[in-house]
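Q: Listed below, chain by chain, are the residues.
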Amino acid sequence: MKKPAAMIAMGVLSGLVAAGCSGGEETGQDSSSGDTVTLDVIWFSDGNEGEVFKEITEDYKSENPNVEFNIIETPYDDIYNRIRTRVSGGDAPDLARISNPGAVSDALLRLDGEFGNKEEFYNQLKPSARPWAEVNGEFVAVPTDLTAHGLYYNKEYFEQAGVEVPDSTEDIWNWSEFADAIEKVKENSDARMGLAYDMSPSRYSTLIYQNGGRIFSEDGQSLKINESESVEALEYFNELHEREIIPQSIWLGGENPNSLFRSGQAAAHLSGNWNLQNYSDNADFEWGVTYMPQKAQRSSVAGGKQMVTFKDSEHKEEAVKFMKYFISKEQNKKYVSESLFISPRSDIENIEYAAETEAMNIFNNELSVTPEATAEDWSNFEYMPDVEQKITENVQRTLDGAMTPQEAMDSIVESSDVGSE
Amino acid sequence: MKHTKQQNWILYIPLILIAIFMLFPVLWVVSSSLKPSGELFSWPPSIIPQNFTLNNYISAFQESNFTRYLFNTVFVTVAATVLTLVINTMAGYALAKYRFRGSAVILVFFLSTLMIPLEALMIPMFIVLKNLGLYNTLWGIIIPPAATPTGVFLVRQYLMSVPDEMIEAAKIDGASDWKIFIRLILPLAKPILATLTIFSIMWRWQDYIWPLIAISDSNLYTLELALANFVGQYSVDWGPLLAMAVLTMVPLIIIFLIFQRFFIRGIMMTGMKD
Chain A
34 MKKPAAMIAM
44 GVLSGLVAAG
54 CSGGEETGQD
64 SSSGDTVTLD
74 VIWFSDGNEG
84 EVFKEITEDY
94 KSENPNVEFN
104 IIETPYDDIY
114 NRIRTRVSGG
124 DAPDLARISN
134 PGAVSDALLR
144 LDGEFGNKEE
154 FYNQLKPSAR
164 PWAEVNGEFV
174 AVPTDLTAHG
184 LYYNKEYFEQ
194 AGVEVPDSTE
204 DIWNWSEFAD
214 AIEKVKENSD
224 ARMGLAYDMS
234 PSRYSTLIYQ
244 NGGRIFSEDG
254 QSLKINESES
264 VEALEYFNEL
274 HEREIIPQSI
284 WLGGENPNSL
294 FRSGQAAAHL
304 SGNWNLQNYS
314 DNADFEWGVT
324 YMPQKAQRSS
334 VAGGKQMVTF
344 KDSEHKEEAV
354 KFMKYFISKE
364 QNKKYVSESL
374 FISPRSDIEN
384 IEYAAETEAM
394 NIFNNELSVT
404 PEATAEDWSN
414 FEYMPDVEQK
424 ITENVQRTLD
434 GAMTPQEAMD
444 SIVESSDVGS
454 E
Chain B
1329 MKHTKQQNWI
1339 LYIPLILIAI
1349 FMLFPVLWVV
1359 SSSLKPSGEL
1369 FSWPPSIIPQ
1379 NFTLNNYISA
1389 FQESNFTRYL
1399 FNTVFVTVAA
1409 TVLTLVINTM
1419 AGYALAKYRF
1429 RGSAVILVFF
1439 LSTLMIPLEA
1449 LMIPMFIVLK
1459 NLGLYNTLWG
1469 IIIPPAATPT
1479 GVFLVRQYLM
1489 SVPDEMIEAA
1499 KIDGASDWKI
1509 FIRLILPLAK
1519 PILATLTIFS
1529 IMWRWQDYIW
1539 PLIAISDSNL
1549 YTLELALANF
1559 VGQYSVDWGP
1569 LLAMAVLTMV
1579 PLIIIFLIFQ
1589 RFFIRGIMMT
1599 GMKD
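Chains as they are written, first to last, in my numbering: chain A, 34 to 454; chain B, 1329 to 1602.
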């Protein structure tokens, strides 16, 4: 009785072993046949950009039949985990899409020589894209798309309340007009809440720039966040919360602003162009994008994604060759117009987007008036990771009444070690 | 009789309430997976979908290679569980019943590996995996975590309670070590093996960080890896994510129902021994 059972167990086990081996062979990781090169690409997606990228690689393959792509879809939160493990384990990928070259800078291949003249390449980029290409003065990343912050609003609620949004750059709200407008919509429409404001230090910093301030000094070696411009920005942000224009539940309760707007609870949403696809597919009411308010100046905040290759990549040459193709005017135009992104190239203008062109034009306009300080601050890879966390914490302390805006901003400066080296 | 029935009800009512409370997130996932994406975040939230749809399931199947992932996951789970059971029972038995020099040290050594988080071991483990040629194969996710210290410890503690006299008696009757292990120990260890089986299935089914590191070919992804890919930097593709989460949950529930009998008996038996 017992023996047959053991035999079956052994049989199952050896069957499994055989199946496992065949599974491994099928996927044979390396291409030893002829001169074919397989590029390992670590990729993450927010919307359909993965599919657009795949189409571009298909086009590339038809022109370069010796190249294959192995696109490794990775959740955004684990991108650097995966890259670091592979690089340290001696199996660096060939290409990766990232949003922060500073996180893995020591492993990245310097592109200075590879892209010909560095300045020549930089000249093709918008000013707000350039800082993302460099870490410590080294050109290591190719900016592939830019993001900008902007304002979504629920058309139905604004109509109900009889509030008009600025329809050109001529009649942009100032801060107090903006607060009054949202307050009026909230009180005179079916909206449960006024403005859903993303809980993110980057989104928060929009106010600092609009007020003419900045986070770091120009050389990035000291903090300017406790100067009067930023303190006023926090006072304004606090006022918006006290007047319940922004619901406290987001910054103090972790509620998802995206779903507040999408479900028709909030009258407006301060976020970025990455939500366009989502709203265009999922929001079942009339919505639009309009200009963000201004104080001392207009400003959005520039962010973006980059493509990189690694010092230890097996197929560096092919990887660089593909990066050049991917950032070329023609391919980048296809990539950004189909994924609803902002192009990092300065020579791509008046793009006809696959959808929401009008909204994308506003985001493009927001970015065009954005001071370079924003990209400089946010690409301060050495200190920003620490400072951005402190911004969130101290803004929260102000909102819950534990600190005054000045104390909160001073506390960021006191507790940080920016420029101490 | 009547009295006990009333007592039962006093016990049942809070139990039912707690059960509903515990089940709510699961029910919410199931109900949300049947809603169109516009309704997912609607206010006020609806427990029963207003516009019932299977679209999320359809797009989960279309957008991802679901059957492939399911096969990978089942294969990994079954193979790893068989391996885990074999290794852990043998190791647990040896550590419980064989007196040899250094057995205590080995046990402590085993347990101490529980105290090092995987994050710290990831890179060294990756290098070993790669040099063994197991990188990017399903065996790479099956073998390394098979000898789990928790499992060894569970089995050892359980087998400690088997009286030495029984083993000695078998020895006097001329049984070999293997025979004792297979004929005597394994049948006695059934409850703990059932427990370990359920644990192992759960661990492997839900394992995420190790497969993430060990697999780079999307044809070899497990369900958990595929699930995580619905999450981007700024946005989450909720509809298909929820649908796939439901489909991922179902096999586990079935397995639990099958093994439940053993599981509960296992707990009772360990309880009685004390």
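Hints were generated in silico from the structure; no laboratory data involved.
Among the hints, a few may not be true.
[Stated by the list, open to error] Calculated Cβ distances over 10 Å to all of chain B for the following chain A residues: (1) V85; (2) D110; (3) D111; (4) S121; (5) G122; (6) R163; (7) K188; (8) R225; (9) S261; (10) W307; (11) Q310; (12) Q422; (13) S449.
[To be verified] Among chain B residues calculated to face chain A with C-beta under 10 Å, some are: (14) K1333; (15) I1375; (16) P1377; (17) T1381; (18) L1553; (19) Y1562; (20) V1564; (21) W1566.
[Said to hold, decoys possible] Not the full set, but computed from the structure, chain B residues with beta-carbon under 8 Å of chain A: (22) N1393; (23) R1396; (24) L1398; (25) L1460; (26) A1474.
Cβ atoms here follow ideal geometry from the backbone N, Cα and C, with glycine treated the same way.
Q: Each hint should be assessed against the structure and marked as holding or not.
A: Hints and how they fare:
no., hint, verdict
1, V85, "holds (14 Å)"
2, D110, "violated (7 Å)"
3, D111, "violated (6 Å)"
4, S121, "violated (5 Å)"
5, G122, "violated (4 Å)"
6, R163, "holds (21 Å)"
7, K188, "holds (16 Å)"
8, R225, "violated (7 Å)"
9, S261, "holds (32 Å)"
10, W307, "violated (4 Å)"
11, Q310, "violated (8 Å)"
12, Q422, "holds (17 Å)"
13, S449, "holds (25 Å)"
14, K1333, "violated (44 Å)"
15, I1375, "violated (15 Å)"
16, P1377, "violated (15 Å)"
17, T1381, "violated (13 Å)"
18, L1553, "holds (8 Å)"
19, Y1562, "holds (4 Å)"
20, V1564, "holds (9 Å)"
21, W1566, "holds (9 Å)"
22, N1393, "violated (11 Å)"
23, R1396, "violated (11 Å)"
24, L1398, "violated (14 Å)"
25, L1460, "violated (12 Å)"
26, A1474, "violated (12 Å)"
The structure does not agree with the numbered hints 2, 3, 4, 5, 8, 10, 11, 14, 15, 16, 17, 22, 23, 24, 25, 26 stated previously, though it agrees with the rest.
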